[in-house]
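Number of protein chains: 2
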Amino acid sequence: MPLINDTAHAFLPYPDAPVPNAPAGPLNGLSFAVKDLFDIAGYPTGGGQPFVLAMSGIKTTTAPTVQKLLDAGARFVGKTVTDELAFSMNGNNAHFGVPINGAAPDRIAGGSSSGSASAVSNNLCDFALGTDTGGSVRAPANHCGLYGIRPTHGRISLAGTLDLAPSYDTCGYFTRDVTIFARVSDVLLGEDSAPLPSKIRLLKPLDIWAMLHADVVAAQSAPLAHVQAVLGSPQNTHIVLDNIDTLFWGFRFIQGREAWQVNGAMIERFCPPLGPGVAERFAWSKTVTDEQHATATAYRERFKKHLADLLGTDGVLVMPTTPDVSPLLGDGGEQLESYRNRSLQMLAISGLSGFPQITLPLGQRNGAPLGLSLLGPAGSDASLIKLAQLIANTP
Amino acid sequence: MPLINDTAHAFLPYPDAPVPNAPAGPLNGLSFAVKDLFDIAGYPTGGGQPFVLAMSGIKTTTAPTVQKLLDAGARFVGKTVTDELAFSMNGNNAHFGVPINGAAPDRIAGGSSSGSASAVSNNLCDFALGTDTGGSVRAPANHCGLYGIRPTHGRISLAGTLDLAPSYDTCGYFTRDVTIFARVSDVLLGEDSAPLPSKIRLLKPLDIWAMLHADVVAAQSAPLAHVQAVLGSPQNTHIVLDNIDTLFWGFRFIQGREAWQVNGAMIERFCPPLGPGVAERFAWSKTVTDEQHATATAYRERFKKHLADLLGTDGVLVMPTTPDVSPLLGDGGEQLESYRNRSLQMLAISGLSGFPQITLPLGQRNGAPLGLSLLGPAGSDASLIKLAQLIANTP
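Chains as they are written, first to last, in the numbering used here: chain A, 6 to 400; chain B, 6 to 400.
Everything labelled a hint here was simulated from the structure, so no lab data went into it.
Bear in mind that the values here come from a model prediction, so they are computed numbers and not experimental data.
The beta carbon of each residue, even a glycine, is placed where N, CA and C say it ideally should be.
Among the hints, erroneous ones may be present.
Stated by the list, open to error - If you want the ones that stay clear, here's a sample from chain B, every Cβ over 12 Å from chain A, calculated: (1) 18; (2) 41; (3) 196; (4) 227; (5) 271.
Said to hold, decoys possible - In silico SDA-like pairs for lysine to any residue, Cα to Cα no more than 25 Å straight-line: (6) 64(B) x 241(A); (7) 204(A) x 236(A); (8) 204(A) x 251(A); (9) 64(B) x 24(A); (10) 291(A) x 12(B); (11) 73(A) x 30(A); (12) 309(B) x 296(B); (13) 73(A) x 21(A); (14) 64(A) x 309(B); (15) 64(B) x 46(A); (16) 309(B) x 196(B); (17) 64(B) x 65(A); (18) 64(A) x 25(B); (19) 64(B) x 66(A); (20) 64(B) x 204(A).
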């Protein structure tokens with residue numbers, strides 16, 4: 006049973022095992038939860054899939070990123086529900102349920118780091134680890150009204166963690182509070198390899214903004230105005246290379262290929278009943294051809310260079326995190342698949358490039374949270390966090 | 006991973022943990038599997054439900070019935086898939102898949118001891134433990150062409166085992182071979198408290214036989230003739246008290262009430278996504294009223310006395326195990342629900358009375374196995390096994 010009264014269905018009810026933390030340190034006094042993709046000694050790692058849970062056994066070592074938090078004095082309170090094999094954004098695991106969105110209980114928490122976003126948004130802990138492959142931290146942060154980061158690819162260790170698509174997988178985290186966001190970032194990110202200068206160049210990608218419905222643009226106008234008031238007026242730009250379909254499929258073919266490489270043998274051996282959407286996605290992943298993968302990889306390299314050139318050392322994109330607020334809990338499979346595909350178009354920019362993106366809970370629409378993102382060059386993660394603090398702390 | 010190459014999807018892929026057995030003993034040389042309802046030290050107990058698996062942790066003690074087999078020299082080879090919370094007869098676990106019926110691969114193995122019946126019928130072990138509450142050993146034994154027993158209620162210990170409906174739950178087992186059936190029985194049953202006399206009184210319950218379609222009666226005619234040739238011509242009788250609906254609901258109301266008492270708190274706390282049929286069955290179980298339960302309990306007492314009087318100390322019913330061969334794998338929810346309800350009418354006789362029933366793989370229909378059952382008075386289990394040997398060994 007989790008240590009806390011989990012009314013949000015955010016946690017897995019694993020038997021408590023002692024997870025000692027340092028008695029003092031920069032995260033002293035903070036509690037945290039961990040997506041059930043990270044190994045923690047004394048616990049199984051289930052990945053939201055019953056066969057994976059069955060095969061796991063009890064881990065004897067703790068993932069180094071979790072250990073870093075414990076060593077910094079943070080207190081572990083439990084492992085959180087993940088979408089199945091982290092290959093979904095719906096926050097509805099066919100085997101482990103639907104973690105409640107603390108900011109909009111009638112809407113999905115999003116995924117795949119659904120339980121982590123749920124735990125933080127329901128005040129069940131101060132921060133939580135997630136992973137972000139195609140948006141699995143950014144989208145639930147958007148949906149649950151939280152700060153969230155997808156760091157530069159490779160910057161935070163994913164050792165001791167279940168893979169989904171390794172060339173995209175990153176370790177991110179959620180907080181309600183910008184100060185805690187910064188404290189956790191200090192521990193997990195350390196110093197930037199490519200810090201932003203004090204005067205950054207804010208860029209507004211018109212092609213991404215054009216993907217929004219007018220109602221969403223309207224809902225983003227006050228948050229955007231606030232960011233501009235703090236960081237200066239943005240230059241307009243365009244970032245999509247070739248067209249949005251090339252970008253979308255560039256992301257998906259590589260993700261699918263890698264997801265099948267990671268999970269295909271298990272799926273073919275055990276024929277596990279996979280949840281709605283997940284089953285179809287893996288079936289599709291199996292069909293990705295060498296040629297599709299090669300074309301996508303070539304596009305990814307071009308896109309990464311293109312975006313690196315555009316950002317230079319001081320460029321920061323200001324853009325919507327997702328196309329809209331979270332879907333309603335009752336939405337059907339087709340609506341959710343359309344939501345996922347539209348979201349991925351926007352979320353794939355950071356995914357394909359490997360560049361860091363943070364989402365800030367600045368907006369609202371229909372009473373639900375709506376995030377605004379900053380995306381900077383590789384290695385500028387901590388600088389982005391500083392900008393988030395500046396934005397949050399400026400009246 | 007299981008020790009054996011599990012092409013039947015019968016086993017849970019738990020990490021191997023050593024489960025020592027005695028080097029010699031009456032079951033020396035035999036391998037066995039155990040339904041994932043029994044605790045075995047070094048393994049979790051999942052009960053076919055992901056939250057139950059998550060809560061389980063690793064057990065530190067072994068259920069005494071399993072230990073008895075190990076002490077008798079049998080070698081444990083793995084834990085087998087069960088229908089979710091053992092509350093289904095469909096052999097299709099929404100989280101852990103569909104164990105293959107080794108005797109009729111196009112048909113369900115039946116449930117809830119689906120993996121145990123699958124393992125034995127696919128020659129993956131010599132025998133397997135299951136549990137039988139409403140037919141969960143007898144039905145899969147029928148479907149997979151195996152010997153199977155539901156013993157006298159309470160005769161074989163269920164300590165260290167997940168409950169479904171304790172006043173019905175029993176521990177049974179499956180074998181392909183009558184000699185092994187007898188060897189395992191010697192260890193688990195010991196001596197009868199109420200052995201049958203050498204000359205038994207075979208009884209044919211016409212009201213139960215009348216529930217069969219003519220095609221099934223035809224398929225049972227040769228097996229029945231063989232049993233009569235060995236045990237003598239039966240007297241005709243009628244066993245249903247009041248009517249079949251009273252019997253059916255007598256069984257179901259008590260089962261539902263107890264199943265909710267056992268699992269309701271967990272279900273209400275975690276809202277686990279339950280598989281098709283299972284969710285509806287628990288929702289119904291919650292609605293069983295005190296009055297329904299009291300009426301059913303009174304019926305059960307009357308029925309038990311009625312059947313005890315009818316059987317005396319030498320009466321043995323010869324009857325079909327289930328109304329027909331196993332449903333096809335493609336059958337839909339309504340067909341399966343109808344199959345379950347028709348089967349329960351027949352299977353509830355042993356359930357309500359608590360009297361032992363064994364099923365013998367004597368028949369076939371449409372190329373699939375069809376069992377014939379012997380049902381005797383309380384405490385006559387080992388005597389029934391001797392009759393099974395006599396029947397099997399008479400040309």
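Do the hints match the structure? See the list:
1. 18: At roughly 5 Å from the nearest Cβ of chain A, residue 18(B) sits no farther out than 12 Å, so the non-interface label is violated.
2. 41: 9 Å, violated
3. 196: Since the minimum Cβ distance to chain A is about 39 Å, residue 196(B) lies beyond 12 Å and the statement holds.
4. 227: Given a closest Cβ separation of 37 Å, the condition holds.
5. 271: With a cut-off of 12 Å, residue 271(B) comes too close to chain A, as the shortest Cβ separation is near 9 Å.
6. 64(B) x 241(A): Outside the cut-off at roughly 62 Å; violated.
7. 204(A) x 236(A): The hint holds at about 8 Å.
8. 204(A) x 251(A): 33 Å, violated
9. 64(B) x 24(A): With Cα atoms ~20 Å apart, residue 64(B) and residue 24(A) stay inside 25 Å; holds.
10. 291(A) x 12(B): Answer holds: residue 291(A) to residue 12(B) is near 21 Å, not above 25 Å.
11. 73(A) x 30(A): With Cα atoms ~11 Å apart, residue 73(A) and residue 30(A) stay inside 25 Å; holds.
12. 309(B) x 296(B): 20 Å, holds
13. 73(A) x 21(A): Judged against 25 Å, a Cα distance of about 20 Å means the pair holds.
14. 64(A) x 309(B): 50 Å, violated
15. 64(B) x 46(A): Holds, because 17 Å separates the two Cα atoms, which is no more than 25 Å.
16. 309(B) x 196(B): 23 Å, holds
17. 64(B) x 65(A): Roughly 17 Å between the alpha carbons, so the hint for residue 64(B) and residue 65(A) holds.
18. 64(A) x 25(B): Given pair residue 64(A), residue 25(B) holds - Cα atoms ~23 Å apart, limit 25 Å.
19. 64(B) x 66(A): 20 Å, holds
20. 64(B) x 204(A): It is violated: about 59 Å lies between the C-alpha atoms, which goes past 25 Å.
Of the numbered hints given earlier, the model fails hints 1, 2, 5, 6, 8, 14 and 20; all others are met.
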